[in-house]
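Build out the structure end to end from the sequences listed, making use of the hints.
These protein sequence lines are chains B and H, in that order.
Take numbering that gives the first Met the number 0: the last position of the first sequence gets the number 132, and nothing is skipped along the way.
Take numbering that gives the first Met the number 0: the last position of the second sequence gets the number 352, and nothing is skipped along the way.
Treat the hints as calculated values from the structure; they're not laboratory data.
Careful: at least some of the hints might be erroneous.
To be verified - Every beta carbon over 12 Å from chain B, so not counted as near; a handful from chain H, in silico: (1) E96; (2) R218; (3) R246.
Said to hold, decoys possible - Simulated DEER-style distance windows between Cβ atoms: (4) H:E310 <-> B:P52: 32 to 38 Å; (5) H:Q191 <-> B:A46: 41 to 47 Å; (6) B:P52 <-> H:L125: 47 to 53 Å; (7) H:V128 <-> B:A73: 31 to 37 Å; (8) B:G110 <-> H:I232: 51 to 57 Å; (9) B:E100 <-> H:D274: 46 to 52 Å; (10) B:G104 <-> H:D274: 47 to 53 Å; (11) B:E129 <-> H:L125: 49 to 55 Å.
For clarity, every value in this text was computed on a predicted model and none was experimentally measured.
For glycine and all other residues, C-beta sits at the position ideal for the given N, C-alpha and C.
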Amino acid sequence: MKRLERILLIDDERFDHMASQRLLRTIDGIGAVHEFDHARDALAFLAEAPPGPGDVIFLDVNMPAMNGFEFLDAATEAFGPALGGAIVIMLSTSLNPADRERSLGYEAIKGFENKPLTALIVERARVILESAA
Amino acid sequence: MQNDPQLTLQARYAEAFNTYRESSQEGDLLAAYDLARAALDLGLPISRLFDMHRSTTSGLTRPLEKTMADRFFQGALAAYDMALQGCRKTAARLSDEVVDRKETATTLREAGVDLTRQRDTLRSQLHQVTEEQTAFTYAISHDLMSPLNTLRNLLSCHGEDLDAAGVAMDLEALNGARASADRMQRIVEDIQAYALAVGLEDSAGTVDLNVLLGEVLARAEPQIEASGARVDIEALPVVKGQAAQLRLVFEALLSNALKFNEKGEAPEITIRAVDGAKSCAEIQVADRGIGIAAPHLDRIFGLFQRLHTYEAYPGTGLGLTLCRRLLGQNGGEIAVASTLGEGSVFTVTLPVA
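Have a look at this one:
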């Protein structure tokens with residue numbers, strides 16, 4: 000089973016973080032979990048510890064100050080469109096089909112899921128990472 | 000022969016001339032006028048008139064008769080000429096009328112172009128409203144779905160772990176659930192207030208902003224006291240607008256100025272008129288709060304746009320959208336200048352009373 004080395008949870012909802020953390024504690028084969036209330040904090044974190052294979056980023060779309068797509072634009076500029084092999088799963092409550100469509104334009108985005116984070120979504124991310132390896 | 004009007008006319012010409020020749024009476028010259036008019040009515044050209052004259056008078060030899068023939072023909076020519084002059088005036092009038100009608104046609108065509116333009120404008124306005132409505136619907140559904148999702152999530156965690164740590168987490172989850180429900184309620188309330196305010200159709204009157212801000216301040220007294228804020232209001236102008244809508248604008252601006260400050264720092268707010276404003280009144284609401292980073296300045300008026308997490312600064316992202324919308328309805332505008340960490344200045348422009 001492919002190990003998920005690092006998981007980044009980027010979401011402005013504190014309670015969503017809480018629920019996601021709670022879920023991830025019940026799943027095996029997971030390394031470090033980092034949570035960020037602001038996308039710019041995640042960007043600063045990645046600047047110190049660049050993204051690599053085995054990283055999974057669960058990214059909210061609608062966030063204050065810097066939304067999910069703006070984060071990806073900045074990350075693409077810093078680390079290239081492949082984000083060093085990390086994969087991004089959009090995790091949103093957005094019902095706007097335009098958001099889903101927009102996500103097709105990013106190489107690193109491998110999934111567009113509705114909240115909340117579930118074990119199934121995590122396993123899907125693991126399959127994507129395995130097939131990429 | 001009787002049926003040929005030209006020949007009849009020729010005969011009448013000969014008869015009339017001979018009558019004149021015999022009588023030498025001026026009165027008999029008048030017959031020449033009638034004949035000329037008859038010739039015109041028949042559409043005879045002037046050369047035909049001359050032919051008639053010549054065939055009637057060619058046999059004359061006496062100088063007096065020749066002179067009389069000339070006078071008779073002159074009479075006929077004069078009448079013919081006068082009738083033609085009349086025609087020319089009529090023709091001039093007709094051509095004026097043609098010009099008039101052309102102008103009318105042009106006006107009508109321009110009106111048609113105008114209507115087409117108006118239709119296009121209305122169509123694009125409708126399109127814009129529909130787009131706005133769609134964006135509004137998606138934004139609302141997202142913003143309501145978000146806390147609802149959190150709520151469901153937290154409730155589904157409940158009772159998963161039965162040890163002591165689990166119970167503590169349950170309590171946290173329950174608190175979170177309640178916060179989420181509160182937040183949803185607040186969004187619904189704000190949307191309701193928004194819809195109500197935008198739909199408000201009161202007639203515009205004169206609004207003394209000194210009085211209005213007094214009322215706004217009185218209503219915000221609890222928040223002002225709790226935060227230890229200092230609010231200075233200088234002399235303000237009298238403006239044109241709907242009082243109820245303008246009250247909402249300044250309530251929202253004051254509420255923001257009170258809210259966006261470093262934790263534990265007492266807000267300092269100044270509300271003043273800008274001197275030297277011409278046909279418009281400019282009112283500034285200035286704070287010394289956390290300020291707004293330059294890249295976010297044009298975003299803050301957008302629907303449901305927020306720059307901070309709900310935990311840091313609660314709100315629904317509707318306040319400034321509402322301000323801009325309401326000011327637009329009152330012939331006004333809103334602009335912002337800000338320095339991160341130093342404060343923001345919101346400038347409201349309104350027509351003076």
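Consistency of the hints with the structure:
A cut-off of 12 Å between C-beta atoms confirms that H:E96 is not in contact with chain B; the least separation is 60 Å. Consistency note on H:R218: stated as away from chain B, and its beta-carbon is indeed over 12 Å from all of that chain's, at 27 Å minimum. A cut-off of 12 Å between C-beta atoms confirms that H:R246 is not in contact with chain B; the least separation is 27 Å. Taken as a hint, the range 32 to 38 Å holds for the pair H:E310 and B:P52, whose Cβ atoms sit roughly 34 Å apart.
Checked against the hint of 41 to 47 Å, the pair H:Q191 and B:A46 passes, with Cβ atoms roughly 43 Å apart. A hinted range of 47 to 53 Å holds for the C-beta pair B:P52 and H:L125, which are about 51 Å apart. About 34 Å separates the C-beta atoms of H:V128 and B:A73, a value consistent with the hinted range of 31 to 37 Å. About 54 Å separates the C-beta atoms of B:G110 and H:I232, a value consistent with the hinted range of 51 to 57 Å.
Taken as a hint, the range 46 to 52 Å holds for the pair B:E100 and H:D274, whose Cβ atoms sit roughly 51 Å apart. With their beta carbons about 50 Å apart, B:G104 and H:D274 fall inside the hinted range of 47 to 53 Å. Checked against the hint of 49 to 55 Å, the pair B:E129 and H:L125 passes, with Cβ atoms roughly 51 Å apart.
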